[in-house]
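> What follows is each chain in one-letter form.
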Amino acid sequence: MQFWIIQGLNSLSLGALLFLLSSGFSLIFGLMRLANLTHGAFFMLGTYFAAIALRSFDWLNIWFAALGAGVAVAVLGGMFERLVLTRLKANPLGQVLVTLGMSFIISDACLMLWGGDSIPVPTPQNLQAPTRLFGFIFPTYRLVLVALATGAAVVLHVLLERTRLGAMIRAGVDDRQMARAIGIPVSNLFTTVFCLGAGIAGAAGVLGGPILSAYPGLDADMLPLALIVVILGGIGSLLGAFVGSFIIGFTYTFGTALFPELAYIILFLPMILVLAFRPQGLFGRVNA
Amino acid sequence: MTDAVEYALEVVNLRKAFGGLTVTQDVSLKVRTGERRLIIGPNGAGKTTLFNQISGDLRPNSGLIRLFGAEITYLPPYQRAHCGISRTYQIITLFAGDTLEHNVSLGLLGLRPSRWQMWRPISFYPDMRSEARRALDAVGLLHLAEHPISDIAYGERRRVELAVALAQKPRLLLLDEPLAGLSNAERSTVKSLIGSISRDTTVIMIEHDMDTALDLAETVTLLNYGRVIVDGPRDVVIADERTREVYLGG
Amino acid sequence: MKWIGAALIASALLLPPFFAGDFYVNLASQILIAGIFSLSLNLLVGFGGMTSLGHASYLGVAAYISALLTARYGFGHGAAAFISVTGTVAMAAFFGVIALRASGLGFLMITLALSQVLWGLAYRMSNVTNGDNGVTGLTRPSPFGISLDRPAAFYWFTLIVAIVAFLMMAIFVSSAFGSSLKGVRDQPRRMAALGFNPWLVRWITFVYAGFWAAISGLLYVYYHKYIHPTSLSTTSSAEALLGVIAGGAGTLGGPAVGAALVLLLKNYVSAYIERWNMLLGLVFLFIVLFMPAGIVPGFSKLIAAVRGERR
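Going line by line, the protein sequences match chains X, W and S. With our numbering as the guide, the letters of the first sequence map in order to residues -1 to 286. With our numbering as the guide, the letters of the second sequence map in order to residues 2 to 251. With our numbering as the guide, the letters of the third sequence map in order to residues 7 to 317.
Chain X on its own, in the form it takes in the complex:
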């Protein structure tokens, strides 16, 4: 029974991380029609930041690190968007290719700077003691992650549904031409959303550190998961990203635990099923 509980919680925490990662991806894709293949690398930058900074600076706690990484990665993303992506407005394929190129650059840079070994990220001190609930023992940090992701989902939802920025984003997702026609500053909006998505990915990377550790190839492991979540959940849909993340979290965790060698196949079964019957994803409105 403990096994199922633990795997269940692991699923939830993986789902939480995936949501943080893929919400940004989904927004960027939905608004900018850009498959940002750098997204995994943004996440990994956050994890490496956590690994290095948290070990070097005793006074730094993981929450500040997440904030710091989020801002730093957002800035990096913003520069990339302004300097490179905007020049390729007429070339959507080119945009994807440069994000791929950028992901190679970032991942190799990490390899170059921090070597090929996996660097663990310490779990915050005050969350190291396990929690007892209903007679079972839960790793506290993972519980906190799930709470954080849910909180982030709520914040993002409020942002999208209740703020002017959110309204502009939703308008842009629904109909970019029309949004431009009614005066929404689409270009600035793009930069904002890209920064937001990148920043969330970076922060997520920090938060995922204690669970995943920083290692070369983390970006290549996370990106396909984000892709599958977004295809499954539907592009541009926050609810889709939320639901999809947890479906994948459960599928991957239980799959790896029960059938370790087939985990990857089990992983993409939900995606195939959804594509077969509902190509726009569970909650999407835009066709992939």
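Hints were generated in silico from the structure; no laboratory data involved. The structure displayed is predicted, hence computed values, not measured ones. Ideal Cβ placement from N, Cα and C applies to all residues, glycine included. Treat the hints with caution; some may be incorrect.
Examples of chain S residues lying across from chain W (beta carbon under 10 angstroms, computed) [stated by the list, open to error]:
| hint | residue |
| --- | --- |
| 1 | F25 |
| 2 | R195 |
| 3 | W205 |
| 4 | S276 |
These stretches of chain X come out as covered by chain S in the derived footprint (C-beta under 8 angstroms, 3 or more residues) [stated by the list, open to error]:
| hint | stretch |
| --- | --- |
| 5 | 10 to 22 |
| 6 | 96 to 102 |
Chain X residues, not near chain S, derived (Cβ > 10 angstroms throughout) [what the hints assert, rightly or not]:
| hint | residue |
| --- | --- |
| 7 | I3 |
| 8 | P128 |
| 9 | A165 |
| 10 | R174 |
| 11 | I182 |
| 12 | T190 |
| 13 | V228 |
| 14 | V241 |
| 15 | I270 |
Given chain X, put chains W and S in place with the hints provided.
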């Protein structure tokens, strides 16, 4: 086939909505075989949306479409071409880098089994080439057959669009604003071309400018806000008060 | 002018075994293999308008099947090659159905996800694929009893396959079907209205591209006598895509030139710089930003400009 089917096209209670906006509201019409029908209405009346549902580019939310008696409501567009529907577009969608002859040949190829053939180029089919040239000749553009589309004038491109559609010898021809953007001279050329189409082809045209295509039409359907307002022989529709209302906003 | 170009290409292809040392002959073989692979990808990207980031899957799977069948299960090369190609084509048929549920970026994402899944499988199913160690101890086939172990012999074999591949793909692309493919790439709605079935045209092309990728996969494993999960990786697919785009997608010869350049770059650069991936990324950025149409179109424009100035 002993008797020809009476109606080339029957649309029954067609409805199409995009989110909260209903663009086609309970539209019904019947077009007789060989008829020349003009669909008119102000901008936004839903004419092109209606066409798109007839050609298969859009799926209606409810309702029925019958082509020569056979139901085609949810048939994919490419199969409708094989059932005898051809269309032209409001925005010219020819292949700009290719020659006029190649463009028409593609139209011919679309209905032939040889479109699946993977070793001989189109130019190796002499019968297709001569048929393409004949189609271009019929619209007066044979002399430009070897030129790329990008070289020729807008009015000439409209004629090529027509040639491509006619080359398929369609039973039902949908013309979406065929006279749009043409000079007076070009307009009369295209009009006479449309007028000379054989009666084996039923023609349905969309025009939003009422005067231009009226003399080509035998029957007229007036659409506004997605509904059929008036439907019937040309002179009856012109004389109808509601027609004037729609166009003058009365 | 055309004849000079043809003569140059012919000599570039025919001379190496006679004048160059083993290292260069081997390099030439690798270039030919990469050329076939890039051309197969170009059927999708340049002529079909379908950008795939998972094409290396087909090369890798074909290579792995052949490797495992010959090394582990004692199959002869002929049978292994047949099973390998058939299996890979079947996989392409299946993946094509999945990937073509979407188009454009959705298609790209699905091909990427699918290829990552395969890579993960190759990496983790160690008892089948030997995981990170790869499959070693492979041999080259001996068609008609002729050994391909010497560089020159292998080169001639590869050259023959490459010429056949190039010709068949060129014929495919210029055929009536090829015209419909290009039409569907440019105006899918219009083509559907004319009676073409866009999905089927794309799917057939996807499978055919998978076929030639499988062929290049066989040549690849014969050449290296070794196969490793990296050959299935996204980096591998990305290199091929770079070759296609750098060389000029939608031209026949361009991708082969691009593939050659990427391979040469990789070979020479990795001797001096460890960070090949970073360089690859930078080259991607450079090409996309400053030479989006690729080298071959850029070059022909240059020649046309020079000629124009002479008059």
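> Evaluate each hint against the coordinates.
Hint check results:
1. F25: Violated: closest Cβ of chain W sits about 36 angstroms from F25/S, beyond 10 angstroms.
2. R195: holds, 6 angstroms
3. W205: Hint on W205/S: holds, closest Cβ of chain W at ~9 angstroms, below 10 angstroms.
4. S276: At about 39 angstroms, which exceeds the 10 angstroms cut-off, the nearest Cβ of chain W leaves the hint on S276/S violated.
5. 10 to 22: violated (count 0)
6. 96 to 102: holds (count 6)
7. I3: The claim holds: I3/X sits with its nearest Cβ about 26 angstroms from chain S, beyond 10 angstroms.
8. P128: Non-interface label on P128/X holds, nearest chain S Cβ at 30 angstroms vs cutoff 10 angstroms.
9. A165: Per Cβ check, A165/X is outside 10 angstroms of chain S; nearest 25 angstroms; holds.
10. R174: Label holds. Min Cβ-Cβ 14 angstroms, cutoff 10 angstroms.
11. I182: Holds, because the least Cβ-Cβ distance between I182/X and chain S comes to about 22 angstroms, which exceeds 10 angstroms.
12. T190: holds, 21 angstroms
13. V228: With a cut-off of 10 angstroms, V228/X comes too close to chain S, as the shortest Cβ separation is near 7 angstroms.
14. V241: holds, 18 angstroms
15. I270: violated, 6 angstroms
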